[in-house]
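Asks: Numbering that gives the first Met the number 0 applies: residue 0 is where the sequence shown begins, and numbers increase by one.
No lab work stands behind these hints, which were simulated from the structure alone.
Check before you lean on any hint, since a few could be wrong.
Calculated pairs, EDC-like style, for lysine to aspartate or glutamate (alpha carbon to alpha carbon, straight line, at most 20 Å) [as the list claims (entries may be wrong)]: (1) Lys18 to Glu35; (2) Lys214 to Asp198; (3) Lys79 to Asp120; (4) Lys236 to Asp168; (5) Lys155 to Glu184; (6) Lys158 to Glu66; (7) Lys155 to Asp168; (8) Lys21 to Glu41.
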Amino acid sequence: MNSNVETTITPENFGRAFKQEKTKKIYKQCIKEFQETVTFDEFHELVQIFNQHVDSYHLLETTSLGELMQYVWIDNRKEKAICVVFDNGNAIHLLLIKPYMTFPVSDGQYSRNTYTMPIRDQWVVFWGGTNEFNNYHYVYESQRYAFDLLMMHDSKTYKDNPKRNESYDAFGKDVIAPADGMVLEVVNNIHDNIPGEMDESQPAGNYVVLQHVNKEYSLLAHFKNHSIVVKEGDSVKQGDLIGYCGNTGNSSEPHIHFQVMDSPDYINCKSIRIRFNNGMEPIQGDIVEQSFLEENENGYLR
């Protein structure tokens, strides 16, 4: 008996198995919903075509999606990518194959100012990073380095009824200024969505645009209806309350959208990769929290 025979496709051997076209084993481990979307013959043909001109795949990164784990593999030429999502029983919930798209010039250009995440307490980065698999914004120049933040406990973002915004941990939580600045624009009168429904006609929902030094601007979006406490022309300090997290605009559940840009026009701007004051570079699945300096009761900064 050959001891090298792999009986199960795992996150560790997936890249090799995909290159060796062990399609029956891979397909068998895909969840029923995937198999209902793609037949085995279609899947086998796709794998054969995708493997052309590929010598090998290597694991680029691993990110957490609550109870699931996402693995991104890229080929030796850095031209093709496979995104595969496993649960802890090695069932495959998602398998996506695409060209590997990067923007190395803008990836290497950070904001001149330093910022904090616009939050108190601990939040989870749901979308964030420098590829489209951990940050769906990445392919759009105006949102490329944006973050979507939500709150999660026990791998869930809500308790009880998922159709009520009040069931979500993030709903109504403080949204704070990520840096000193001036309030340029406020929209505050859009109704909150029912979770699972989105208003694509008003993508940012209720939002605030802040102007910072060095001609940088930040966008905070999806505020709760009538919850924004600042007005246009106000000066704010880093950490000041701006409003409360909601579920407005192109949003399926309560969360915060945060980005820094080179223009106050969030539709036609260029997104800027954010330089955080704690030196971190968070990506999808990371836990983030408030990190600006403040005096404690003994007068020391932390």
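Asks: So, for every hint listed, does it hold in this structure?
Replies: Verification of the supplied hints:
| no. | hint | in the structure |
| --- | --- | --- |
| 1 | Lys18 to Glu35 | violated, 24 Å |
| 2 | Lys214 to Asp198 | violated, 30 Å |
| 3 | Lys79 to Asp120 | violated, 38 Å |
| 4 | Lys236 to Asp168 | violated, 26 Å |
| 5 | Lys155 to Glu184 | violated, 33 Å |
| 6 | Lys158 to Glu66 | holds, 16 Å |
| 7 | Lys155 to Asp168 | holds, 9 Å |
| 8 | Lys21 to Glu41 | holds, 14 Å |
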